[in-house]
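Chains as they are written, first to last, in the working numbering: chain B, -9 to 276; chain U, -9 to 276; chain C, 13 to 232; chain G, 13 to 232.
FYI, nobody ran anything at the bench for these hints, they're computed from the structure. There's no promise every hint is true.
Listed below are several chain U residues computed to face chain G (Cβ distance under 8 Å; list not exhaustive) [as the list claims (entries may be wrong)]:
1) Gly46
2) Thr192
3) Ala201
4) Tyr205
5) Leu207
Note that the Cβ used here is the ideal one computed from N, Cα and C, for glycine as well.
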Amino acid sequence: MRSFGRIFVEIWRSVRFELLSTLGSLLTIFLATLLPGLFWIASKNLTQTEAELKSGLTMDVFLREELTVEQITRLTKEFMGLGGVTGVTYVSKEDALNRMMQKFGPKMLAGLEDENPLPASFILSVDKSVFTQGVAEALSKKISRYPEVDDIVFAGDILNRLGNILRTTEILGFALSVMVAFAALFIIANTVRVAISDRRKTVEIMQLVGATRGYILTPFVMLGGMLGFSGAILSALALNWITGYVSNHLIKLVFLESHEIFTFIMSGLCLGMVGAFIATRKYLKI
Amino acid sequence: MRSFGRIFVEIWRSVRFELLSTLGSLLTIFLATLLPGLFWIASKNLTQTEAELKSGLTMDVFLREELTVEQITRLTKEFMGLGGVTGVTYVSKEDALNRMMQKFGPKMLAGLEDENPLPASFILSVDKSVFTQGVAEALSKKISRYPEVDDIVFAGDILNRLGNILRTTEILGFALSVMVAFAALFIIANTVRVAISDRRKTVEIMQLVGATRGYILTPFVMLGGMLGFSGAILSALALNWITGYVSNHLIKLVFLESHEIFTFIMSGLCLGMVGAFIATRKYLKI
Amino acid sequence: MLNVEGVSKYYGQRQAALSNISFRIDKGEMVFLTGASGAGKSTLLRLLYLEEKPSAGRILLDRFDLSRISKRKIPFLRRHVGVIFQDFRLIPERTAAENVALTLEVLGKSGREIRRKTDEALNLVGLLGKRNNYPYQLSGGEAQRVSVARAVVNEPLVLLADEPTGNLDEQNSRELLELLSEINMRGATTIIATHQVQLTAKYAKRTLNLVSGILEKETR
Amino acid sequence: MLNVEGVSKYYGQRQAALSNISFRIDKGEMVFLTGASGAGKSTLLRLLYLEEKPSAGRILLDRFDLSRISKRKIPFLRRHVGVIFQDFRLIPERTAAENVALTLEVLGKSGREIRRKTDEALNLVGLLGKRNNYPYQLSGGEAQRVSVARAVVNEPLVLLADEPTGNLDEQNSRELLELLSEINMRGATTIIATHQVQLTAKYAKRTLNLVSGILEKETR
Ligand SMILES: Nc1ncnc2c1ncn2[C@@H]1O[C@H](COP(=O)(O)OP(=O)(O)OP(=O)(O)O)[C@@H](O)[C@H]1O
Ligand SMILES: Nc1ncnc2c1ncn2[C@@H]1O[C@H](COP(=O)(O)OP(=O)(O)OP(=O)(O)O)[C@@H](O)[C@H]1O
Ligand SMILES: [Mg+2]
Ligand SMILES: [Mg+2]
């Protein structure tokens, strides 16, 4: 019945005289979808990095003096019994010096071998529960009660604060993305409105000779969908390129996975169709 | 003659039935101008930070052994004679240890006083010329020829590479800003086009009863100007808030200066007027 | 076929465009609707092709109650009603032929059939030579005739003509009325609104005369 | 006043809408322009109010050569030419009164003067009661009369009327022609295009008759 041919003729009628305007709107939609994409990728990478940092984070327990093997065994066992601790490693004074040398180079610390000033320590691996409010404090209080323990260093607080900042940024980014999505919806609606407003007489007359809503709506909704779809594809390509560029020149980033790309592009399509639908409806009387 | 009253009536005619659409376009322009603003502020702050880093950067010349006062005086004089060097400070082994202790805390390095492993050094302040290609290499070659010199450490290379990355990012940001400015132009043009396309018959008839181009153009160009102007003001307010927020929670940032804000808002105004002019012209026959 | 029962139409409160109009038109009849400028002729026709709804009264077309019909059904009803509009209502960005074809396109007819019928209809109004002219490239009378061709191309059950000869000279007017009565012969119930009383006299058809929205007299 | 010298107008290559037309109209004259549908009446008027330019020939209006005038001057010339369009050309989002006022607004007249003259003109065409109606709220004939009011409100030097009675019944047609000839008496050179030959007979004015773009005969 209603052939695809006709729909494309109708779309072409809209685009034909307004090629420049259509390209302009494509550029705008491309830019508009770029921003949510950037935030998506940034948030994905930040979340991942934060998780990695957290999983690699340790609590360093410095000791007053080197321990005997029995002491090590006992304390290891007792520390493992504490909630949130997933691993315990003993670092002797000598191990500590070796680690320090690896960090700063042997030259700088030459001569330190003779009289090693570094203390022995336990390094505790911890799980995520430690990042909840108050847990880390309780844990370090418990540990500091052991007479062998001199000092405890835990970077979790800083990381937690960093995490909060990241989350605030993410929320801001999300809010901005939603606004931008609205803007994209609006841009598409406006482009379609120009197309239909230029042809409002046509629409009116079509209705008078018996065209149904669907018959009139379809080409415009398709036009909107195509705009959103193409904009999102261009945007995905650009994001891929940007991610690659940053990975090569600055820091390694992961890109969206294929199902996420699919979601991204389909969102563009839907946005376009909804925008066009909203814009077109106003011009229909019945 | 042509009263302001008339112009506002005409603008109001355009906006009246399309209040939502006008607000949508305002939001879009606000978002569109936000991005160049963000890049402007980021670039301003990065440039400033880079300049500060560069001005604070030194070339560390490590020595084989402590020098006598005559040696220090002689070498200081000779180093000062080298191009690009603006200051020379001698750091004895003891000074070095004190600095290190300040950095890492006295506890970690306790016992180091007895047998100080750190070398004496000269710290050379350098000027910007050192950041040009090859100058730093030539300088360190000259210095390394002195028999007293053991090793030279200069972070300029890394900073230079960082600078390059910053500049690439700035160029990308600028390109993106230009695209976004085009998009904003397009959005305003499109909004005005909807307004004028809804009233194309009016425009045609006005011409037939003797209205001049200016008479017809003015209200639409003013509408575009107002959109661009308001969008830019909203954007400036938001940027001010964002800068303040980041300054309080992450890192201290400087905001645009008042003449820069003026430029920013006036750009919005001009963009709006140009966009509207382009959109309107097409609908005029004479 | 068409049954108008006590129909009134008010715009605002001040004046009624139509007051308590009642009449019946049988299938295949041809009726003239006369009256001075502003008498309500166009308003009455607008009610019949559902561009507006009556303020009071009922309109029955075939089995359908036009005053109650649901919005979704309006397009399907309009497909059986051909309308010649007083202001032509041609689509500006389509040629004469494309304008005529619209009625058939909407029905999903095949390209071949559309072309054949369109040419036939344009030939009928003597404008086959202007098939590729856009509306702005047509004279007032030509535009009016294209509007006629579009209304009759699908052989509607009901044909409504609003001032179809307003922009035509005598010669063309006579030919057009011949054409309309020919289409009426083929079975289309036809209502022609006009202020040219001398035309109605010549055809000696039933005439409804409106005076300020009131159905005055019925002559035959 | 108006001097048309060998004017032709071609659309595309096939047919001339006007072929080598020449005539002179004196200041204050009233002239009818007749011809069948598609004869070229509207085309000729379009050349006179500069919506189009002639393909060949010269048109002199007062001291101005219309075929050579610069685009920037067109608006100022149009202010002295009142036009009644065949298709009315009313602004849809303005009321009848606002449509009539447009001519004066463009000239930058004061609000008070605009209101006074607008009401006067609407009264002249008998539509003061419909001053606040939008065009879609007017009947065909009413719209035509608003178009007349707009054309005469500024007392133009030249008045062009394209089929001003096409949508009017006899009574209204006669009144309108009375109005136009009254405005002509006051000094406006008036050209009225019409296919209603019986009208021109009644007025016994000079008549230019177009047949397929050729000026056939001139009767007086
Ligand atoms: N939408 C509307 N709102 C208000 N008044 C209207 C509207 N439509 C028509 N009218 C008024 O209703 C009356 C009848 O209008 P209608 O168009 O039916 O007249 P008509 O008989 O077709 O006249 P004509 O021969 O001039 O076309 C007119 O006085 C007109 O002003
Ligand atoms: N822009 C155009 N392009 C092509 N042909 C045109 C154009 N304008 C008019 N024509 C043709 O020129 C001829 C004269 O048109 P015009 O409008 O002058 O006729 P008219 O005498 O006013 O007729 P009517 O009484 O029907 O209004 C017509 O055949 C028309 O099709
Ligand atoms: Mg009517
Ligand atoms: Mg004409």
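Each hint, compared with the structure:
1. Gly46: violated (64 Å)
2. Thr192: holds (5 Å)
3. Ala201: holds (4 Å)
4. Tyr205: Since the shortest Cβ distance to chain G is 6 Å, the answer is holds.
5. Leu207: U/Leu207 check fails; min Cβ-Cβ to chain G is 12 Å, beyond 8 Å.
In this structure, the hints that do not hold are numbers 1, 5, in rising order.
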